[in-house]
Amino acid sequence: MPSPADTPRDSNSASRANGAELVRFDKVTKRFGDVTVLDQLDFSVDTGKHVTLIGPSGSGKTTILRLLMTLLTPDEGTIKVDGDYLNHEERNGTLAKAGEKHVREVRKKIGMVFQQFNLFPNMKVLRNVTEAPVHVLGMSKDEADQRARELIELVGLSEQLDKYPSQLSGGQQQRVAIARALAMRPQVLLLDEVTSALDPELVAGVLDVLRDIAHTTDITMLVVTHEMSFARDISDAVLMFDRGKIVESGPPDKMFSEPEHERTREFLSTVL
Amino acid sequence: MMTEGMFTNYFLPGIWITIQVTVFSALLAVVVAFVIGTLRTSRLWIVRFLSGIYFELFRGTSSLVLMFWLVFAVPLMFRWQFVPMYAGVLALGLTYGAYGSEVVRGALAAVPAAQREAGVALGFTKFQRLRRIEIPQAWPEMVPPFNNLLIELLKGTALVSTIMVADMTYAANLVRIGSNESAPVYTLLLVLYFVFAFVLTRGMRVLERHAKSRIGQAPPRGDSLWSRLTLRSNAGEGTGALTAGGTSR
Ligand SMILES: Nc1ncnc2c1ncn2[C@@H]1O[C@H](COP(=O)(O)OP(=O)(O)OP(=O)(O)O)[C@@H](O)[C@H]1O
Ligand SMILES: [Mg+2]
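Chains as they are written, first to last, in this note's numbering: chain S, 107 to 378; chain X, 540 to 788.
It is worth saying that the hints were derived from the structure and are not from the lab.
Careful, some of the hints might be misleading.
Each computed EDC-like pair below joins lysine to aspartate or glutamate, with the alpha-carbon atoms no more than 16 Å apart [unchecked claim]: (1) Lys665(X) with Glu206(S); (2) Lys665(X) with Glu211(S); (3) Lys351(S) with Asp145(S); (4) Lys751(X) with Glu680(X); (5) Lys351(S) with Asp132(S); (6) Lys203(S) with Glu182(S); (7) Lys214(S) with Glu656(X); (8) Lys207(S) with Glu195(S).
From the derived model, a few chain S residues whose C-beta atoms are all more than 12 Å from chain X [what the hints assert, rightly or not]: (9) Val143; (10) Asn198; (11) Asp314.
Don't be surprised by glycine CBs; every beta carbon is placed ideally from N, CA and C.
Okay, chain S solo, but in the shape it has when bound (with noise of 0.2 Å):
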C-alpha cells in the first residue's frame, strides 16, 4: 500500500499522541452514478508535510481534495483528520454518519484554495480575509484586521486592502485567497491548481507566495498541481494517480527523475 510518509506507517494504532499522521484515507470509494471515481483508496499525509498529487485529467485528484474539504461526501471508507473521524462519528462503539457539528469542527483543521480564487465579491479584501477569523472562529475584530494584514502583506498586497476583488488581477485575487485559507490557521491547507486560471506572466508571483509559505511555515500542504517544478521544489513526496488509484509514489527527485511505472512515464513526458 503506497503511503508517502517517510516514516515506516504503524497500521493499527492512528493514535493522535505521535501526531504523525494528520491525513488518513482508509478504503475511501466514490462514485458519480455508474462511474467509480475513487475506488478503495488509501493513503495518508504526515503533520507537516508536502504531498504532491499528479496525474492525468480525470484521476480523482480533484475528487481528493473536495471529498476532505467535506465538499463531497465518500460512498464507502472513512477519512481521518488528526485522529478524528471527517464524516462519522463512533457512537457506541459504531460508526455512525457524523452531525453538522462535527463536521464544522474538523474541517476547521482544514484549508483550500481553489483554481477559480472565489472570494466573496461583496467584500474587499480586508473583510474578504478577516471575515472568517470574526465570524467562525469568534476571534475579536482588531485582532483579526492585525492578523490580515500581516498575511496580506506577506502575500505582498498591502496597497490593495481597500479593493473590491473585481478591481484585482488574477493573481492578486488568488494570492488574497491564499491569505484568507490561512487566516483560519488550518493545519492542513488544500491547493487544487490554484494557477491554472492565471495568466501565465502571473503565475510565477503566486508559486513564489506559495514556496515561501511552504518553506517558512510548518504547515502540512497537498497540493494538485501541472507545475511540475514547482512540485518539485515544496514536496516531500509525490503521489502518481490513475483512474483512482495510485499508481506510484516517492520522493520528487526519484519520482521526475526515474519513475518505475510506464504510465508514470507517459503521464510525465506530456507535462515536462
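Given chain S, work out where chain X with the ligands should sit, using these hints.
What follows is chain X with the ligands alone, placed relative to chain S:
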C-alpha cells in the same frame, strides 16, 4: 364642484392610509419573501415541499378574496375580529410575500455554487453563509423585480377600499358621491397612484445602484445612500439624484 375642503378632508387622510398600508404590507412581504424564499432552497425536501405549498397557495388565491375571508369569515369561524386595515395588510403582505419568495429563491440560486463552497471551506454555518455571502450577493439581482412587485403592491392597496378602509380610492369614491364629479376625481386618483409609483421606482433605482456598488459592480455616484436619495444636486455638478437615477443602466 370638488373643493379644496374635499381634498384636505378626504383625500389627504386617504393618502396617508394608502402610504401606511403600502409600507406595512411591503415590510411584511419582504419578511415573508426572505423566509419562504430561503426555505425553498433548503437541502431538506420536506422544508422545500412545505414552503413550496405556501408559495402555490398564496399565488393561487386572490388577495381580494383573502381580505374578504379575513374580514368576514374569520370572525364567524374563530370569534376574532381583525381591524380592517390589518386584514388588508395581512392579505397583501402574505400574497406579495409569496411572489417575492420566488424572486429571493431565483436570486439565491443564481449565486455561483463556488461561493457556497468557499463559505464551507472557511467553516461558515449555513445561516452565516446566507447572511454574509449569499444574500448580499443576490440582493442586487432582487431589487429590480422587487421594484415591480412593490408597484403592484401599491396599486393592489386599492383593494382595501372594499373592506371599508379609508384609503385614497375609498376617499375618491366618497368625494365622487358627494360632488358628482367623476372625471376630475378619478383623474386625480390615477395621477396620485402614478406619482407614488414613480417615486418608489426612483427610490428603488438608487437602492439598486447602491447595492451594486457594494459588491463592486458599479462605482457609487454619491457618497452615501442618503445623499443619493435627497433631490438636492451636488455642488457644481448640476444633476440631482433624480436625473442620476434616470441615466443609470
Ligand atoms: N460532480 C460530478 N459529477 C459527476 N462526475 C464528476 C463530478 N466531479 C467529478 N466527476 C468525474 O470524476 C472524475 C474525476 O474527476 P476529478 O475532478 O477528481 O479529476 P482530476 O484528477 O481533478 O482531473 P483534472 O486534472 O482535469 O482536474 C472525472 O471523470 C469527472 O468527470
Ligand atoms: Mg482537478
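Taking the hints in turn, this is what the structure says about them:
With a CA separation close to 10 Å, the supplied pair Lys665(X) and Glu206(S) stays within the 16 Å bound. The hinted pair formed by Lys665(X) and Glu211(S) meets the criterion: a straight-line CA distance of about 14 Å does not exceed 16 Å. The suggested pairing of Lys351(S) with Asp145(S) holds, with an alpha-carbon distance near 7 Å, which does not exceed 16 Å. A distance of roughly 9 Å separates the Cα atoms of Lys751(X) and Glu680(X); the hinted pair therefore holds under the 16 Å criterion.
In summary, the hint linking Lys351(S) to Asp132(S) is supported, as the alpha carbons are separated by about 13 Å, within the 16 Å threshold. Restraint check for Lys203(S) and Glu182(S): satisfied, since their Cα atoms lie roughly 12 Å apart, inside the 16 Å limit. Between Lys214(S) and Glu656(X), the direct Cα distance comes to roughly 14 Å. Compliance with the 16 Å bound is thereby established for this hinted pair. Between Lys207(S) and Glu195(S) the CA atoms are separated by roughly 11 Å; this keeps the pair inside 16 Å, and the hint holds.
Against chain X, the non-interface label of Val143(S) holds: every CB pair exceeds 12 Å, the least being about 18 Å. Every CB of chain X is more than 12 Å from the CB of Asn198(S) (nearest about 26 Å), matching its label as outside the interface. Residue placement check: Asp314(S) keeps its beta carbon more than 12 Å from all beta carbons of chain X (closest about 23 Å).
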